[in-house]
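Q: Take the given structure of chain A and dock chain B to it, following the hints.
Number of protein chains: 2
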Amino acid sequence: MKFVIQRNRLVDSVQDVMKAISSRAAIPILTGIKIEAKKHGITLTGSDSDISIESYIPSEQDGEINVDQIIEGSIVIDARYFPDIIRKLPENTVEISVSDQLLVTIRSGKAEFNINGLDADEYPLLPEVQTEDSFTMPIDLLKYMISQTVFAVSTMETRPILTGVNMTLKDNRLNFTATDSHRLASRHVPIDANGLEFSNVVVPGKSLNELNKILDDTEELVEISVTANQILFKSKHLNFMSRLLEGNYPETSRLIPTQSKTTLYANTKELIQAIDRASLLAKDERNNVVRLSTINEQLIEIMSHSPEIGHVEEEIPIKAIEGEELNISFSSKYMLDGLRAIHSDEVSIEFTGSMRPFIIRPINGEEVLQLILPVRTY
Amino acid sequence: MKFVIQRNRLVDSVQDVMKAISSRAAIPILTGIKIEAKKHGITLTGSDSDISIESYIPSEQDGEINVDQIIEGSIVIDARYFPDIIRKLPENTVEISVSDQLLVTIRSGKAEFNINGLDADEYPLLPEVQTEDSFTMPIDLLKYMISQTVFAVSTMETRPILTGVNMTLKDNRLNFTATDSHRLASRHVPIDANGLEFSNVVVPGKSLNELNKILDDTEELVEISVTANQILFKSKHLNFMSRLLEGNYPETSRLIPTQSKTTLYANTKELIQAIDRASLLAKDERNNVVRLSTINEQLIEIMSHSPEIGHVEEEIPIKAIEGEELNISFSSKYMLDGLRAIHSDEVSIEFTGSMRPFIIRPINGEEVLQLILPVRTY
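Protein chains in written order, with the numbering used here: chain A, 1 to 378; chain B, 1001 to 1378.
Pulled out of the complex, with its shape left as it was, chain A reads as follows:
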């Protein structure tokens, strides 16, 4: 194997595939980056067996030469050293070649590295995911849906299925739902999916977080394919594969109250700032409780109390309150997460009494909801 490549293209691709590589990989060869050279281009692969990322650099693109002097072949290089080496090389081009003894020579300018490679034949084969049952959507919309839901997945392994985001597609509507059983985030978007439908597709939250980091915020399309146990996100030069979680995702729609007793309309930013302040005295994760009380039709009070530290209270003028008076306590963290994920200048919050879950929705019409269970304080 041999090729000469534009260094900045290689740096970018290495950075992408590194997101899948764990230094504590179960299979030693997965601590490496697989590099495969074909006449048409170079493919880099990183995997931790849950997530696999392939980045492709075409030899020629828009009339520019990215890769030259290609002799086909493949090798696996230790990911602890390769990224820094490539990043710090002196010239704009790099020559990478591999001897019969799997010794990798990396040359740029006067600098020459010789490092021991691993046999690419021992690198696990990635699952075949691409199917004809796929649909496309804009990358920025996918990223938006992820950011509005993924934070609500469970971080506890007691119910593994809740560590993932449930994707469903029905009637050309794509839904993401995440819940840790104390709060729930749900987002719907219309998608042109040509009648494709699925449910109970549960993608690990960690995979979606990595995917969100790796995808640029563009309007270009990503193609999404789902099989029984894998999902593939395919953009221009990137394949991102994740295993799916096994098990049945709970039915969540019945958790969402359909009536409300008190509805509050507020400026999102003012509410976020007041709750953020009130949470300052309640830094302990378990005791992170803030209380909201209606005062009159245009005023609420946010309050928090910590016996050892002190007390904080703040009155906030709001746009309107409809319905019954209310005193309710909740986790300030969940409330802030929910409000921040709404992305609307104004929100409505629908309460059904101080012991029932409440729902935050935007006023801008987007189909997103954040449901939060209150905390019993007396």
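If you're looking for bench data, these hints aren't it; they were derived computationally from the structure.
In this text, a Cβ means the ideal position worked out from N, Cα and C, and glycines have one as well.
Honestly, I wouldn't trust all of these hints.
As the list claims (entries may be wrong) - Below, a list of computed lysine to aspartate or glutamate pairs in the EDC-like style, where the Cα atoms sit at most 20 Å apart:
(1) A:110 with B:1315
(2) B:1269 with A:84
(3) A:88 with B:1313
(4) B:1088 with A:270
(5) B:1110 with A:315
(6) B:1110 with A:270
(7) B:1110 with A:297
(8) A:110 with B:1171
(9) B:1038 with B:1121
(10) B:1269 with A:112
(11) A:269 with B:1112
(12) A:110 with B:1313
(13) B:1143 with B:1016
(14) A:88 with B:1270
(15) A:269 with B:1084
(16) B:1110 with A:313
(17) B:1088 with A:337
(18) A:170 with A:132
(19) B:1110 with A:112
(20) B:1333 with A:337
(21) B:1088 with A:132
(22) A:110 with B:1301
(23) A:110 with B:1121
(24) A:88 with B:1276
(25) B:1088 with A:276
(26) A:88 with B:1301
(27) B:1088 with A:315
(28) A:269 with B:1297
(29) B:1088 with A:301
(30) A:110 with B:1276
(31) A:88 with B:1091
(32) A:333 with B:1084
Unchecked claim - Here are some chain B residues pointing at chain A (derived, C-beta under 10 Å):
(33) 1080
(34) 1104
(35) 1106
(36) 1110
(37) 1111
(38) 1169
(39) 1170
(40) 1250
A: Same frame as chain A, but now just chain B:
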């Protein structure tokens, strides 16, 4: 105690004094910030008993009112909460008042915090440091001297005196020296000290690192006072006090070779980059060894070898080599630290054989030297 203060001034001062506060303070009251209100202004104090920082906010400055409605008094407020509270308050002014029961009320706009304070009388008295035997120097020059030496202090507590920087003042020349016994950094600057002299003043490296962070890079003057066991750095509104290390700093001048067998003149940046690359295969702190060999009068080779990982070599054209041929091995970390602290486009490196310490100096005439002991590799 009561006052109303410009919030941004308070935020800046809190940030400064926080640099002295440790959450694991030996005396519980030192986890707090002391606030003292006088008619002429507010003084904030933070201390971990090694370092103490006082920040002063004058009531009036350049015709602008910083602090208003002052009722004199003092209080200690828990530093775990106070900085975030001040930073996140809604308005540009803050009212702070203290009840007879030491309850602190912090008001800004509609937000009100009530937190338990501590009795300022229990806060330890800071040592009286200011003496008439003081000298002044520009802040930017002090920061520069610190940055060129402090990295070379020892991090091992086996010889505590080496964890500090030795300051001496003689014949209107100020010297900073730091060594961990494997390398040594030394910097001299001329100072107008009116004949003041001292030696064996050893300031903990940690104190100088914090001082360097807290001082803005300006040409304004800092006043430096030294007593038997304390040093005070006094700038416009800031007093920074540090204890001195006890013990005798070793005599280091005899360690510095006065003759050389090989002298090399090189571009600093090119040398740094090549050694940085060579160090990539030697990430292990103990094995972080790079070898330099002269090839001819204008070429050296930088090389590193790690049996498990691989081999790297690079030829670097340099300006000149005078004297004998040379093969020498050294810690790439020490070499990079030394070269980076030189701040000169070109450096000279004087060697006295492969087993003797060598010296890096700038070509720009500044009186700084970096001495490094080589590593025996065969």
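Q: Hint by hint, note whether the structure agrees.
A: To see whether the hints hold, each was checked on the structure:
no.	hint	result
1	A:110 with B:1315	holds (6 Å)
2	B:1269 with A:84	holds (18 Å)
3	A:88 with B:1313	holds (14 Å)
4	B:1088 with A:270	holds (12 Å)
5	B:1110 with A:315	holds (6 Å)
6	B:1110 with A:270	holds (12 Å)
7	B:1110 with A:297	holds (17 Å)
8	A:110 with B:1171	violated (48 Å)
9	B:1038 with B:1121	holds (15 Å)
10	B:1269 with A:112	holds (19 Å)
11	A:269 with B:1112	holds (19 Å)
12	A:110 with B:1313	holds (8 Å)
13	B:1143 with B:1016	holds (16 Å)
14	A:88 with B:1270	holds (12 Å)
15	A:269 with B:1084	holds (18 Å)
16	B:1110 with A:313	holds (8 Å)
17	B:1088 with A:337	holds (17 Å)
18	A:170 with A:132	holds (17 Å)
19	B:1110 with A:112	violated (65 Å)
20	B:1333 with A:337	violated (43 Å)
21	B:1088 with A:132	violated (52 Å)
22	A:110 with B:1301	holds (10 Å)
23	A:110 with B:1121	violated (67 Å)
24	A:88 with B:1276	holds (8 Å)
25	B:1088 with A:276	holds (8 Å)
26	A:88 with B:1301	holds (17 Å)
27	B:1088 with A:315	holds (16 Å)
28	A:269 with B:1297	violated (67 Å)
29	B:1088 with A:301	holds (17 Å)
30	A:110 with B:1276	holds (14 Å)
31	A:88 with B:1091	violated (47 Å)
32	A:333 with B:1084	holds (16 Å)
33	1080	holds (8 Å)
34	1104	holds (8 Å)
35	1106	holds (9 Å)
36	1110	holds (5 Å)
37	1111	holds (4 Å)
38	1169	violated (41 Å)
39	1170	violated (43 Å)
40	1250	violated (37 Å)
Hints 8, 19, 20, 21, 23, 28, 31, 38, 39 and 40 from the earlier list are contradicted by this structure; the remaining hints agree with it.
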